[in-house]
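J.: In case you want the letters, here they are:
Protein chains: 2
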Amino acid sequence: MIVQKFGGTSVADTECIQRAAWIVAEKYSEGNDLVVVVSAQGETTDELIDKAGKLNPNPSKREMDVLLSTGEQASCALMSMALEKIGMPSVSLTGWQVGIQTDSAYGSARIKAISAERIKAELDRRRIVVVAGFQGINGFNDITTLGRGGSDTTAVALAAALNADLCQIFTDVEGVFTADPRKIPDARKLEEITYDEMLELASLGAQVLQNRSVEMAKRYGVNLEVLSSFERKPGTKVKEVIKMEQSKISGVAADAKIARIALVGLRDEPGIAFKIFRVLANAKINVDIILQSIGREDTKDISFTVARGDMESAAQVLSEHQNTIGYTDISVTDKIAKVSIVGAGMMSASGVAALMFEALYDEKINIGMISTSEIKISVLVDERDADRAVSAIHAKFFG
Amino acid sequence: MIVQKFGGTSVADTECIQRAAWIVAEKYSEGNDLVVVVSAQGETTDELIDKAGKLNPNPSKREMDVLLSTGEQASCALMSMALEKIGMPSVSLTGWQVGIQTDSAYGSARIKAISAERIKAELDRRRIVVVAGFQGINGFNDITTLGRGGSDTTAVALAAALNADLCQIFTDVEGVFTADPRKIPDARKLEEITYDEMLELASLGAQVLQNRSVEMAKRYGVNLEVLSSFERKPGTKVKEVIKMEQSKISGVAADAKIARIALVGLRDEPGIAFKIFRVLANAKINVDIILQSIGREDTKDISFTVARGDMESAAQVLSEHQNTIGYTDISVTDKIAKVSIVGAGMMSASGVAALMFEALYDEKINIGMISTSEIKISVLVDERDADRAVSAIHAKFFG
Numbered sequence: 007m008i009v010q011k012f013g014g015t016s017v018a019d020t021e022c023i024q025r026a027a028w029i030v031a032e033k034y035s036e037g038n039d040l041v042v043v044v045s046a047q048g049e050t051t052d053e054l055i056d057k058a059g060k061l062n063p064n065p066s067k068r069e070m071d072v073l074l075s076t077g078e079q080a081s082c083a084l085m086s087m088a089l090e091k092i093g094m095p096s097v098s099l100t101g102w103q104v105g106i107q108t109d110s111a112y113g114s115a116r117i118k119a120i121s122a123e124r125i126k127a128e129l130d131r132r133r134i135v136v137v138a139g140f141q142g143i144n145g146f147n148d149i150t151t152l153g154r155g156g157s158d159t160t161a162v163a164l165a166a167a168l169n170a171d172l173c174q175i176f177t178d179v180e181g182v183f184t185a186d187p188r189k190i191p192d193a194r195k196l197e198e199i200t201y202d203e204m205l206e207l208a209s210l211g212a213q214v215l216q217n218r219s220v221e222m223a224k225r226y227g228v229n230l231e232v233l234s235s236f237e238r239k240p241g242t243k244v245k246e247v248i249k250m251e252q253s254k255i256s257g258v259a260a261d262a263k264i265a266r267i268a269l270v271g272l273r274d275e276p277g278i279a280f281k282i283f284r285v286l287a288n289a290k291i292n293v294d295i296i297l298q299s300i301g302r303e304d305t306k307d308i309s310f311t312v313a314r315g316d317m318e319s320a321a322q323v324l325s326e327h328q329n330t331i332g333y334t335d336i337s338v339t340d341k342i343a344k345v346s347i348v349g350a351g352m353m354s355a356s357g358v359a360a361l362m363f364e365a366l367y368d369e370k371i372n373i374g375m376i377s378t379s380e381i382k383i384s385v386l387v388d389e390r391d392a393d394r395a396v397s398a399i400h401a402k403f404f405g
Numbered sequence: 007m008i009v010q011k012f013g014g015t016s017v018a019d020t021e022c023i024q025r026a027a028w029i030v031a032e033k034y035s036e037g038n039d040l041v042v043v044v045s046a047q048g049e050t051t052d053e054l055i056d057k058a059g060k061l062n063p064n065p066s067k068r069e070m071d072v073l074l075s076t077g078e079q080a081s082c083a084l085m086s087m088a089l090e091k092i093g094m095p096s097v098s099l100t101g102w103q104v105g106i107q108t109d110s111a112y113g114s115a116r117i118k119a120i121s122a123e124r125i126k127a128e129l130d131r132r133r134i135v136v137v138a139g140f141q142g143i144n145g146f147n148d149i150t151t152l153g154r155g156g157s158d159t160t161a162v163a164l165a166a167a168l169n170a171d172l173c174q175i176f177t178d179v180e181g182v183f184t185a186d187p188r189k190i191p192d193a194r195k196l197e198e199i200t201y202d203e204m205l206e207l208a209s210l211g212a213q214v215l216q217n218r219s220v221e222m223a224k225r226y227g228v229n230l231e232v233l234s235s236f237e238r239k240p241g242t243k244v245k246e247v248i249k250m251e252q253s254k255i256s257g258v259a260a261d262a263k264i265a266r267i268a269l270v271g272l273r274d275e276p277g278i279a280f281k282i283f284r285v286l287a288n289a290k291i292n293v294d295i296i297l298q299s300i301g302r303e304d305t306k307d308i309s310f311t312v313a314r315g316d317m318e319s320a321a322q323v324l325s326e327h328q329n330t331i332g333y334t335d336i337s338v339t340d341k342i343a344k345v346s347i348v349g350a351g352m353m354s355a356s357g358v359a360a361l362m363f364e365a366l367y368d369e370k371i372n373i374g375m376i377s378t379s380e381i382k383i384s385v386l387v388d389e390r391d392a393d394r395a396v397s398a399i400h401a402k403f404f405g
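Going down the list, the protein sequences come from chains A and B. So for the first sequence, this note's numbering puts the first residue at 7; every next one is plus one. So for the second sequence, this note's numbering puts the first residue at 7; every next one is plus one.
Think of the hints as simulated: they come from the structure by calculation, not from any bench. One should not assume that every hint holds.
Calculated cross-link-like contacts (lysine to aspartate or glutamate; reagent style EDC-like; alpha-carbon spacing at most 20 Å) [what the hints assert, rightly or not]: (1) A:Lys341 / A:Glu318; (2) A:Lys57 / B:Glu49; (3) B:Lys306 / B:Asp335; (4) B:Lys91 / A:Asp56; (5) A:Lys91 / B:Asp56; (6) B:Lys57 / A:Asp19; (7) B:Lys195 / B:Asp393; (8) B:Lys402 / B:Asp340; (9) B:Lys60 / A:Glu21; (10) A:Lys60 / B:Glu21; (11) A:Lys245 / A:Glu231; (12) A:Lys263 / A:Glu364; (13) A:Lys239 / A:Glu197; (14) A:Lys254 / A:Glu364; (15) B:Lys57 / A:Glu49; (16) A:Lys60 / B:Asp19; (17) B:Lys126 / B:Glu197; (18) A:Lys57 / B:Glu21; (19) B:Lys57 / A:Glu21; (20) A:Lys189 / A:Glu49; (21) B:Lys243 / B:Asp178; (22) B:Lys306 / B:Glu275; (23) A:Lys370 / A:Asp391; (24) B:Lys60 / A:Asp19; (25) A:Lys195 / A:Asp171; (26) A:Lys263 / A:Glu318; (27) B:Lys281 / B:Glu237; (28) A:Lys195 / A:Glu246; (29) B:Lys239 / B:Glu275; (30) B:Lys33 / B:Asp109; (31) B:Lys57 / A:Glu53; (32) A:Lys57 / B:Glu53; (33) A:Lys57 / B:Asp19; (34) B:Lys224 / B:Glu197; (35) A:Lys254 / A:Asp202.
Fair warning: this is a prediction, and the values are worked out from it, not measured in the lab.
Generate the whole structure from the sequences, applying the supplied hints.
T.: Here is the structure:
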């Protein structure tokens, strides 16, 4: 049993769908049970959002989900037709037909359960089942969507529910690279990567797989493979444990879509950090790196990063709470980028951090903040230095 | 309780949807319960058919319905957003959410039942319910569509199921006219028309309302009104009995999308007509006018009309069965048109047929076949004479 997922670029037009259909047909003809998950075609979702925005700049999320889910529904019908054309028995199913039960968080719903009976019945009839990704229904029988990249989550959830042997994510890149191959010509494709490394890479802006889908794959032990629908080459396998890699790190990634906020002159007493991040949490603003440092004369400073789109509202709510939090100054900038290296065995190998910092020093790139975890080291640098930083670090580890 | 249906041209773009939303809001604000049925936007359905055709010239009807139903689903979400924008509480529902149960004739399904509980619950909460037209689900939980113009049927079926006081069909014309106003400048809008007249007019190519929806309205006594969403004028009311009209007929219509087939030299014995029309029925070809005349020497001739698109296949199957049917010659032409007058009280009024034939005689237009019913007289004329015939007949009755 194999679950194959084709992203928006992999079903963008007639030719892409036909290409994808042949990939499916090949695996089916080898005797596998096949479940295929499809995204909306190319720019469809953006076009629908645009259309809605003209009618109502602030439409209800429920109606938005009714609208957006049509994109994947159209894709699954088209894919099924393409499979029929080449003689493959096939049936398309929407989220509600599959029985993908979610909570009611329209626009970013989470899957609660999958009643895969219909899928199993169709597979028993030796049909290829083409499922509309990204969508489900809540307890009121209303349509929900899983948020951007939600089709990855659909694919992994189905692989888990059906106990599939493999979940293949087809996209427009050949796999996971040691750095963004569009910017670093020397970047090389990884044969294997762990779930944890993949999670760090996704959150670092590598944008290969949606984080939720990787978390789910890790939790249920789903064997993932990321590969291209345009070139017939092996992709990157995502697993719990991988064989020894030659290098100590798996990849270098940059994320420029962030902003840094620094609060200066905070009282050095308990509860300050709690107050700050409670205010931000109430405003539904996610915080990434947090750094606390000692300031002048019994004060402390707290800096953190947020998504660039949240910068304005974060500054706004913090200003509103200046008195309760008690800071003297706030500074905000979006002229920064986060550059990170990821590797499962990194921290146990000596000198990895030093090597990274040396690469930046060689290039005379100033480091703004440093944050480390078991498998990741991130630094903030000036936005203009980001590409150069990735290039230098990549050359140092993989060159 | 009012059901309002907006066709594809009435929701074609942002401006059209906004205009429709104000029409809905007005009736809602008067205190009515409102159910709104929408078609797919403008050319959406044709575009989807085109897209499917590129992947598979002969896709399964099941998958086609999954694909096409997305058009109306997108429309109902967009209409609901437009209503929200102007402060109207509103909720969109798809065919399966409403519970529109159909048979399994994908592409031309018939409604078997409507479980309108969800709609009633939403109306009880004083919400405007926006329903995706044209679609339902069958007993397997698969999506079905009702065929071209199926949104009219959805609207009338909902009006019947909900016992609505009125079902308004909004379109791009102001109502039903005594002739096609694009061709006959003197054509005038009818204030009222009977179901039966409307049925004859629709089948004559007037193309205002889908025939099935009128039949259903007649069966369940649904008060229909056909009107424009672009101009705020009273439309045409469709009822069982209407008040006396000044003229004896309601309208003149031409249908050029027909072909005539004549079988000559048939044996004059029982069962011949049965054989001919059984062969055609088996090939799923619908026949309109049938005329039988006496031929030479103990033979008879049978002529009939079919939709122009069916001409080739009709001629084909009849040729294959020439021996069993037993005719000497077959003649086929599509250079003809059907011109008809319709009026509920026509046959009881003397001289109507004579007046029609006089109009044609004045214009020196030759009549090919004549067919009459209780409320209709149709003649076949040369295709090139059709417009002139309508104009002359219209002037004779309404001039």
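J.: All hints are to be evaluated individually against the structure, with a verdict given for each.
T.: Verification of the hints:
Distance check on the hinted pair: Lys341 (chain A) and Glu318 (chain A) sit about 14 Å apart at the alpha-carbon level, within 20 Å; holds. Simply put, Lys57 (chain A) and Glu49 (chain B) have alpha-carbon atoms about 15 Å apart, close enough for the 20 Å limit, and the pair holds. A hinted pair counts as satisfied when its Cα atoms are at most 20 Å apart, and Lys306 (chain B) with Asp335 (chain B) qualifies at roughly 12 Å. Restraint check: the Cα-Cα separation between Lys91 (chain B) and Asp56 (chain A) comes to about 15 Å, which is no more than 20 Å; the hinted pair holds.
With a C-alpha separation of about 15 Å, the suggested pair Lys91 (chain A) and Asp56 (chain B) falls inside the 20 Å cut-off, and the hint holds. Simply put, Lys57 (chain B) and Asp19 (chain A) have alpha-carbon atoms about 9 Å apart, close enough for the 20 Å limit, and the pair holds. A threshold of 20 Å between alpha carbons decides the hint, and for Lys195 (chain B) with Asp393 (chain B) the separation of about 19 Å falls inside it, so the pair holds. The hinted pair formed by Lys402 (chain B) and Asp340 (chain B) fails the criterion: a straight-line CA distance of about 28 Å is larger than 20 Å.
Among the hinted pairs, Lys60 (chain B) with Glu21 (chain A) is consistent with the structure: their alpha-carbon atoms are about 9 Å apart, no more than 20 Å. With a CA separation close to 9 Å, the supplied pair Lys60 (chain A) and Glu21 (chain B) stays within the 20 Å bound. Taking the CA atoms of Lys245 (chain A) and Glu231 (chain A), the gap is near 9 Å; set against the 20 Å cutoff, the hint holds. About 25 Å separates the Cα atoms of Lys263 (chain A) and Glu364 (chain A), which puts this hinted pair outside 20 Å; it is violated.
Between the alpha carbons of Lys239 (chain A) and Glu197 (chain A) the distance comes to roughly 11 Å, so the proposed pair stays at or under 20 Å and holds. As the CA atoms of Lys254 (chain A) and Glu364 (chain A) are separated by approximately 16 Å, the hinted pair is consistent with the 20 Å bound. The suggested pairing of Lys57 (chain B) with Glu49 (chain A) holds, with an alpha-carbon distance near 15 Å, which does not exceed 20 Å. A C-alpha spacing of about 10 Å is found between Lys60 (chain A) and Asp19 (chain B), which places the hinted pair at or below 20 Å, so the restraint holds.
Simply put, Lys126 (chain B) and Glu197 (chain B) have alpha-carbon atoms about 32 Å apart, too far for the 20 Å limit, and the pair is violated. Between Lys57 (chain A) and Glu21 (chain B), the direct Cα distance comes to roughly 11 Å. Compliance with the 20 Å bound is thereby established for this hinted pair. Proximity of Lys57 (chain B) to Glu21 (chain A) is assessed by CA-CA distance (about 11 Å); at most 20 Å being required, the pair is judged to hold. For the hint linking Lys189 (chain A) to Glu49 (chain A), the alpha-carbon distance of about 24 Å lies beyond 20 Å, and the restraint is violated.
Straight-line distance between C-alpha atoms of Lys243 (chain B) and Asp178 (chain B) comes to about 16 Å, which keeps the hinted pair within the 20 Å bound. A distance of roughly 9 Å separates the Cα atoms of Lys306 (chain B) and Glu275 (chain B); the hinted pair therefore holds under the 20 Å criterion. Restraint check for Lys370 (chain A) and Asp391 (chain A): satisfied, since their Cα atoms lie roughly 10 Å apart, inside the 20 Å limit. In summary, the hint linking Lys60 (chain B) to Asp19 (chain A) is supported, as the alpha carbons are separated by about 10 Å, within the 20 Å threshold.
Proposed proximity of Lys195 (chain A) and Asp171 (chain A) is contradicted: the alpha carbons are some 23 Å apart, above 20 Å. The hinted pair formed by Lys263 (chain A) and Glu318 (chain A) meets the criterion: a straight-line CA distance of about 13 Å does not exceed 20 Å. The straight-line distance between the Cα atoms of Lys281 (chain B) and Glu237 (chain B) is roughly 51 Å, outside the 20 Å bound, and the hint therefore fails. As the CA atoms of Lys195 (chain A) and Glu246 (chain A) are separated by approximately 18 Å, the hinted pair is consistent with the 20 Å bound.
Under the criterion of a C-alpha separation no larger than 20 Å, the hint pairing Lys239 (chain B) with Glu275 (chain B) is inconsistent with the structure, at around 57 Å. Of the supplied pair hints, the one linking Lys33 (chain B) and Asp109 (chain B) is violated, its CA atoms being roughly 34 Å apart against a limit of 20 Å. A hinted pair counts as satisfied when its Cα atoms are at most 20 Å apart, and Lys57 (chain B) with Glu53 (chain A) qualifies at roughly 17 Å. A hinted pair counts as satisfied when its Cα atoms are at most 20 Å apart, and Lys57 (chain A) with Glu53 (chain B) qualifies at roughly 17 Å.
Pair hint Lys57 (chain A) plus Asp19 (chain B) holds up; C-alpha atoms about 9 Å apart against a cutoff of 20 Å. At roughly 18 Å between alpha-carbon atoms, Lys224 (chain B) and Glu197 (chain B) fall within 20 Å of each other, so this suggested pair holds. Distance restraint check for Lys254 (chain A) and Asp202 (chain A): the Cα-Cα separation of roughly 15 Å lies within the 20 Å cut-off, and the hinted pair is therefore satisfied.
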